[in-house]
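> Just so you know, the sequences run in chain order U and Z.
Under our numbering, the residue at position 24 of the first sequence is numbered 34, and the numbers go up by one with no gaps.
Under our numbering, the residue at position 172 of the second sequence is numbered 271, and the numbers go up by one with no gaps.
Quick caveat, the hints were computed from the structure, so don't treat them as lab data.
Mixed in with the good hints, there may be bad ones.
What the hints assert, rightly or not - As a list, the in silico DMTMM-like pairs of lysine to aspartate or glutamate whose alpha-carbon atoms are at most 20 Å apart:
hint, chain 1, residue 1, chain 2, residue 2
1, Z, K201, U, E287
2, Z, K197, U, E153
3, Z, K191, U, E287
4, U, K158, U, E201
5, Z, K191, U, E278
6, Z, K279, Z, D166
7, U, K61, U, E153
8, Z, K274, Z, E234
9, U, K121, U, E149
10, Z, K201, U, E312
11, Z, K154, U, E287
12, Z, K126, Z, E329
13, Z, K152, U, E299
14, Z, K223, U, E312
15, Z, K152, U, E287
16, Z, K197, U, E278
17, Z, K191, U, E299
18, Z, K194, U, E312
Stated by the list, open to error - Ranges of calculated distance between the beta carbons of each label pair, as one might list FRET restraints:
hint, chain 1, residue 1, chain 2, residue 2, range
19, U, K227, Z, S258, 53 to 59 Å
20, Z, N121, U, E312, 32 to 38 Å
21, U, G36, Z, H220, 48 to 54 Å
22, U, E312, Z, S306, 55 to 61 Å
23, U, K211, Z, S258, 41 to 47 Å
24, U, K269, Z, G113, 53 to 59 Å
25, Z, H220, U, E299, 27 to 33 Å
26, U, D163, Z, M100, 56 to 62 Å
27, Z, S289, U, G282, 53 to 59 Å
Said to hold, decoys possible - To be clear about the criterion: a stretch of chain Z counts as covered by chain U if any three or more of its residues have a C-beta under 8 Å from a C-beta of chain U, and this derived list gives those stretches:
hint, region
28, 150-162
29, 170-182
30, 185-196
31, 199-205
Quantities reported herein were computed from a predicted structural model and do not represent experimental measurements.
For glycine and all other residues, C-beta sits at the position ideal for the given N, C-alpha and C.
Residue-level listing of the chains:
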Amino acid sequence: MVMKNARNVHFWQIDNKVKNILKVNGVTLLTSPEAWEKFNWTRKYFSKRPKQGYFIWIKNQVNFPLFSCVSIAHKNISQKLQNLLIVEKGLKVSLQGSCNSLKKTLNGKHKANGKIILKQGSSLKYNHIHTWGEKDIVEPEYEFILEKNSKLDYTYKTLFTPKKLKINNSFNLSAGASCDIKMIANCVGTEMNIKDVLILKGKGSSGIINLRLVSGKKSKVLAHSQVIADSESKGHLDCQGLLTDKKSNISLIPELVCKNKLAQITHEASIGKISQEQLNYLRTRGLTEKQATNLIINGFLET
Amino acid sequence: MFLEIKNLKVESNGKKILKGVNLEIKKGDVQVLLGSNASGKSTLCHAILGNPKYKITSGQIFFQGKDITNFTPEKRVRLGLALSFQSPPAIKGVKTSKLLNKISVIKNSKLKGLEQIFNKHLLKRDVNLDFSGGEKKMSELIQILVLNPKLVIFDEVDSGLDLKKIRSVAEMIKKELIDKKISVLLVTHSGSILNFLKPNITNVMVSGKIVCRDKNYKKVLKTIKKYGYEKCKKCPFLAD
Chain U
11 MVMKNARNVH
21 FWQIDNKVKN
31 ILKVNGVTLL
41 TSPEAWEKFN
51 WTRKYFSKRP
61 KQGYFIWIKN
71 QVNFPLFSCV
81 SIAHKNISQK
91 LQNLLIVEKG
101 LKVSLQGSCN
111 SLKKTLNGKH
121 KANGKIILKQ
131 GSSLKYNHIH
141 TWGEKDIVEP
151 EYEFILEKNS
161 KLDYTYKTLF
171 TPKKLKINNS
181 FNLSAGASCD
191 IKMIANCVGT
201 EMNIKDVLIL
211 KGKGSSGIIN
221 LRLVSGKKSK
231 VLAHSQVIAD
241 SESKGHLDCQ
251 GLLTDKKSNI
261 SLIPELVCKN
271 KLAQITHEAS
281 IGKISQEQLN
291 YLRTRGLTEK
301 QATNLIINGF
311 LET
Chain Z
100 MFLEIKNLKV
110 ESNGKKILKG
120 VNLEIKKGDV
130 QVLLGSNASG
140 KSTLCHAILG
150 NPKYKITSGQ
160 IFFQGKDITN
170 FTPEKRVRLG
180 LALSFQSPPA
190 IKGVKTSKLL
200 NKISVIKNSK
210 LKGLEQIFNK
220 HLLKRDVNLD
230 FSGGEKKMSE
240 LIQILVLNPK
250 LVIFDEVDSG
260 LDLKKIRSVA
270 EMIKKELIDK
280 KISVLLVTHS
290 GSILNFLKPN
300 ITNVMVSGKI
310 VCRDKNYKKV
320 LKTIKKYGYE
330 KCKKCPFLAD
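The shape of chain U in the complex, shown without the other chains (with noise of 0.2 Å):
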């Protein structure tokens, strides 16, 4: 998906370049080597010294959703992108994030390592929306920092899948946090390795994991989720993957680790595939095979 309206997105960047950074008030928006250099503080979160990607500090309240886009356009682009998101101390914020190529065919790479850290009481409502080739290898790894009481509302929803995928997230989380994750995606001919954690570091803190995997037309799909309880916490593990041809597969490793004896950990995990009743019935409402197919399959992705 290419932003309708690229006059409205706050982080621009197009194959290497940054097409366009735009001011908001109450917000730092730079690209992370800028950030790199003026902000010492800021060296702590890179892994290295970033030579690309954005910088997001939200210092004061805002109340419309920000956006990123990240785009491939040309053949043969690689993305080394490094992000940090920061929202301060008891602000509620909406970031709408694409990253996508604007051609099936364009062998790119895009690989994106990011921190995302919410301060004390402070709220993130993140939608992840991915859009690739059938070339494209993309390699996100993203780690959550859930200060106290701090509230994360996460979806990753690709439903154009590139040739191999393999995200890597955690969510670590301190006392009274909670976080809803959503990773959505409907794998076609992809190999997708997805590795999630939700540590329950703080007392009270709460978490659930909510997978929801397509594999089709020859896709390789390996999910291992895992809820660590270190304190008296809640977390929840919901994994369903969908399967929808012969020479496709999926496993789910769901994963509970407890350390605290007052923490309430759980997890269910189910693989299905296409239910010929509910196929023949949308047939008798005039769907074609293949439109009744997509429709369920987005069903289930909705679920």
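Fit chain Z to the given chain U structure using the hints.
Frame of chain U; chain Z shown alone:
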């Protein structure tokens, strides 16, 4: 003839269910198909709509003069056939309003007005998920109306409903379909809906065959009530 079924034999999972069904429906007809449980009524409904679960081993189905025996379900629907399911499956994640929109695009029909008939609350819910019996019937009916059909088959539309609900469903079928000269085939084992809709032809199915075809539904119902469907087998006026 609008719909013509000739010597239809159907099996499912290797089991022979329909053993040579003949049926004719004219434009504007309101017919009923009565039969005990497991007599093959639902199989006939699904075979007419082309459900791949049911395999036609011999015989033919004609609709408006076209041999549709080998047509896909969606092609039959696009020609004007429609089926209201007895037990429609739930489809998690798909809102009823989304399905109705899809149907209206495919059939180029209008949703406006029809949505008023339906409880708006149900439009926001997943298709048939946790619907009560009455809600399922209403959902089926509204989908049928959006399909803008020429012939509608109602599979056990009166099952699981109380008399008040049966009346309201029947009133809607009359107003939206029968009064507009759309052909209707009511398939029922109890015949409860016939208190509100008067069929011009009554068919009786026993063991995979239509064994009786009569204009007087009251007479047929009375006989079945008194002697049961088994009596129809011994009737001297067998349909074929």
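> Decide, hint by hint, whether the structure agrees.
Okay, the hints, checked on the actual structure:
no. : hint                        : in the structure
1   : Z:K201 / U:E287             : holds (19 Å)
2   : Z:K197 / U:E153             : violated (36 Å)
3   : Z:K191 / U:E287             : holds (13 Å)
4   : U:K158 / U:E201             : violated (37 Å)
5   : Z:K191 / U:E278             : holds (17 Å)
6   : Z:K279 / Z:D166             : violated (25 Å)
7   : U:K61 / U:E153              : holds (19 Å)
8   : Z:K274 / Z:E234             : holds (19 Å)
9   : U:K121 / U:E149             : holds (5 Å)
10  : Z:K201 / U:E312             : holds (17 Å)
11  : Z:K154 / U:E287             : holds (15 Å)
12  : Z:K126 / Z:E329             : violated (31 Å)
13  : Z:K152 / U:E299             : holds (14 Å)
14  : Z:K223 / U:E312             : holds (13 Å)
15  : Z:K152 / U:E287             : holds (9 Å)
16  : Z:K197 / U:E278             : violated (28 Å)
17  : Z:K191 / U:E299             : holds (18 Å)
18  : Z:K194 / U:E312             : holds (10 Å)
19  : U:K227 / Z:S258: 53 to 59 Å : violated (41 Å)
20  : Z:N121 / U:E312: 32 to 38 Å : violated (45 Å)
21  : U:G36 / Z:H220: 48 to 54 Å  : violated (41 Å)
22  : U:E312 / Z:S306: 55 to 61 Å : violated (44 Å)
23  : U:K211 / Z:S258: 41 to 47 Å : violated (55 Å)
24  : U:K269 / Z:G113: 53 to 59 Å : holds (55 Å)
25  : Z:H220 / U:E299: 27 to 33 Å : holds (31 Å)
26  : U:D163 / Z:M100: 56 to 62 Å : holds (60 Å)
27  : Z:S289 / U:G282: 53 to 59 Å : violated (35 Å)
28  : 150-162                     : holds (count 3)
29  : 170-182                     : holds (count 7)
30  : 185-196                     : holds (count 6)
31  : 199-205                     : holds (count 3)
The structure is inconsistent with the numbered hints 2, 4, 6, 12, 16, 19, 20, 21, 22, 23, 27, although it conforms to all the rest.
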